[in-house]
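Sequence lines, in order, name chains A and B. If you're matching positions, the first sequence starts at 1 in the numbering used here and goes up one per residue. If you're matching positions, the second sequence starts at 1 in the numbering used here and goes up one per residue.
None of these hints come from the bench; they were simulated from the model. Hints are supplied without guarantee of correctness; some may be wrong.
As the list claims (entries may be wrong) - Restricting the straight-line Cα-Cα distance to at most 20 Å, the calculated cross-link-like pairs of lysine to aspartate or glutamate (DMTMM-like) are:
#1 B:Lys576 with B:Glu550
#2 B:Lys526 with A:Asp69
#3 A:Lys138 with B:Glu376
#4 B:Lys389 with A:Glu46
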Amino acid sequence: MKARHKRMMFIVIGLVAVAAIAALILNALQSNINHFYSPTEVVASEAPKDRTFRLGGLVEVDSVKREDDGLTVHFNVTDSAEIVTVQYTGILPDLFSEGQGVVAQGKLGTGGVFMAEEVLAKHDETYMPPEVADALEKAKGAAE
Amino acid sequence: MIPEIGQFALIIALCLAILQGIFPILGAQLNIRPWMAMAKPVAQGQFIFIVISFACLVYAFVTDDFSVLYTASHSNSLLPTQYKVAGVWGGHEGSLLLWVMMLGLWTFLVSIFSKNLPDEMVARVLGVLGLIAVGFLLFILLTSNPFERLLPAAPDGRDLNPLLQDFGLIIHPPMLYMGYVGFSVAFAFAIAALISGRLDAAWARWSRPWTIVAWSFLGGGIGLGSWWAYYELGWGGWWFWDPVENASLMPWLVGTALIHSLAVSEKRGGFKSWTVLLAIIAFSLSLLGTFLVRSGVITSVHAFATDPERGTFILAFLVVVVVSSLLLFAWRAPKIGQGGKFELVSKETMLLANNVILTVIAAAVLLGTIYPIIIEGLASVGVIEATNKVSVGAPYFNAIFVPLLVPLVFLVGMGPVARWKKADMPDMLRQLRWAFIASAIVAVIVPFLMGGWSWMAALGMVMATWIVTTAIYSLRQRFKATNPELPWGHRLNAIPRSFYGMHMAHIGVAICIVGGTLVSNYMSDKDVRMDIGDTVTVGGYTFRFDGVIETKGPNYMSNQGMIQVLQDGREVMSLKPEKRVYTVQTMPMTEAAIDTGVWRDLYVSLGEPVSGGAWSVRVYHKPFVAWLWTGVILMVLGGFTAMTDRRYRVMARKERKATAETGNLAAAKIATEKA
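Bound conformation, chain A alone:
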């Protein structure tokens, strides 16, 4: 193979690979981004109906209820302005508790109940996810 042809081969292979990889990455990114919504936004129907998103706020005090199977849990998430009920089946993370910040990932179900597939764990009980802090701040601002 001549040097010029060889260089062309390198370039062509390189370009094809780059294009394929870029397509792969963009496609993966497109379909795996989750947006965050506060309870106020969910109540105002701003959240998507059939896409996974994240909901965050504080777990309302005295709202955690367990069904008889011992695994299905209902609780309310609030940003102090609005409330969304969340349903989750499974074992909750250690640091989940009433009055604390929480972020859940899932979809909206019938009757405005948020069906969580995952309740995100945190490692430190004083930690407040920035999104939640932000949502609380906004709700507070709206109230004033």
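Chain B: place on chain A using the hints.
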């Protein structure tokens, strides 16, 4: 008094670091011998003072000195002593001090093991390391002083986060930091080489063992972190694509590319600019990781209390490092010569492809990790419309990782067999035909043995078997090439250790792939409510719940579940998962019970008490999960084996001699290679 000594020692270390960063580099530029000669003693002194400082902080922890704010917030008088020591790096300030001590240790090691290097090189390398130390010591002293007093003293400490009261925490951060910081040595070598313009095979040979050791530590640290998450977080996951995990994975990926690229730079004098660039990127990613962890800009489960001021400092430091080293690179790189020519099908091309893939994976991980910041940043300057906060889910990373891993693994098999300069593809395919066949057979058989066909499992098994069989072939070829007259032992000894190391690491990758693939595809789990006497069957094992008993630890109360495991009706073992409450912060903690085996782990963790003695219980059967960490251990051992290769010592000694005699042997060597 002791804490003040600690802080004072830190200030002295800073002064020494400033000297270390200025005079040796200037000395090397202006050819002032005494200034260059300062490098070693000053660097060693700097390390000693940091060790003193660190010891003072350990002392404050061990003696329960709660007049120190950091101790009061991360320890408690009831904490067992080993966790008091580990508590030193259980928070922001102390872990930075550990960071700096590791940097000091690396610097110290460079100053000890650099007898074979030219004096200018040593001076420049230590000088660059000194400048990095200045940045971090300033950072500690200005924004994160671990010795800050709390007056009046707290009666007792707030306790260490219970998740961190664990053997994993004792060793995970030191190992991880050793790796993170280790790339600063590769970086310093690259910068020193750019300044001197001496980017030759000798430079690559000096930098290789250091880079390999750093890479091994980082890999080991990541593996330990993953293992810790697996058994400590109570839900059996081993990789979450959390920003902080990604922060450590990115420099590892780039570091992996770097050690392969260094091979080409050493053996063929090629890829030199690229190698230098990778060294710069690997270290920059380590700094970026520190920034991500410490600034709190990204939601992560590694949520330490954060402080914007600290984030700004590290970001500024990162920008200074990246911009100045890239400027230096842009200025000097055009002078770096080309390496030897190579054909389209050759070992060089395969290593190039390896580098491209690893860099692309690292870039994709980086994109996914900082995407939320990018979006927010673009929205804040009005380029795009402001949206709600976004997060990138784990499926994104999996979707990228798996398709890119396939060609990479193919290359892992081909690369070692391929020849430099020009390889013959049909011939290689003929040589490796048995590896292909074996891989296909294993890929078909294993999924059925595991209990059901799965394309992903088959793909994973093809990849793993391919790596192992090609490694065996490659080792056999190498053995055949040794002198057949010699006895076996001598022949095995004639193969360089770096060659063994490489194959150990590659086989480690294969074992990781087996573990990851099989556990992801064949894991079974159940979340159940269990009354006393209830049973649940998972993966062929029956778990019987015999209730909980209350026990008491040194600083926690615990509910211990009694679970009997039965196989074919016989009791085979009992597992005792715990639900602890750490009394100081009344923080609950799940302590899973795990029976580890070669073929499977049984994993049980307690949820919450439900009613009348019943608990929610989570039971997992995880086939081959321990292979993940076994593979990591093999990679680490492979790295250390390669590092001990004779030629790094012998050649370096020879070269120094030759350099002294003839001026520059290495340059001459490259010239002959080109010709």
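Hints and how they fare:
| no. | hint | in the structure |
| --- | --- | --- |
| 1 | B:Lys576 with B:Glu550 | holds (12 Å) |
| 2 | B:Lys526 with A:Asp69 | holds (13 Å) |
| 3 | A:Lys138 with B:Glu376 | holds (17 Å) |
| 4 | B:Lys389 with A:Glu46 | holds (13 Å) |
Checked against the numbered hints given earlier, the structure satisfies every one of them.
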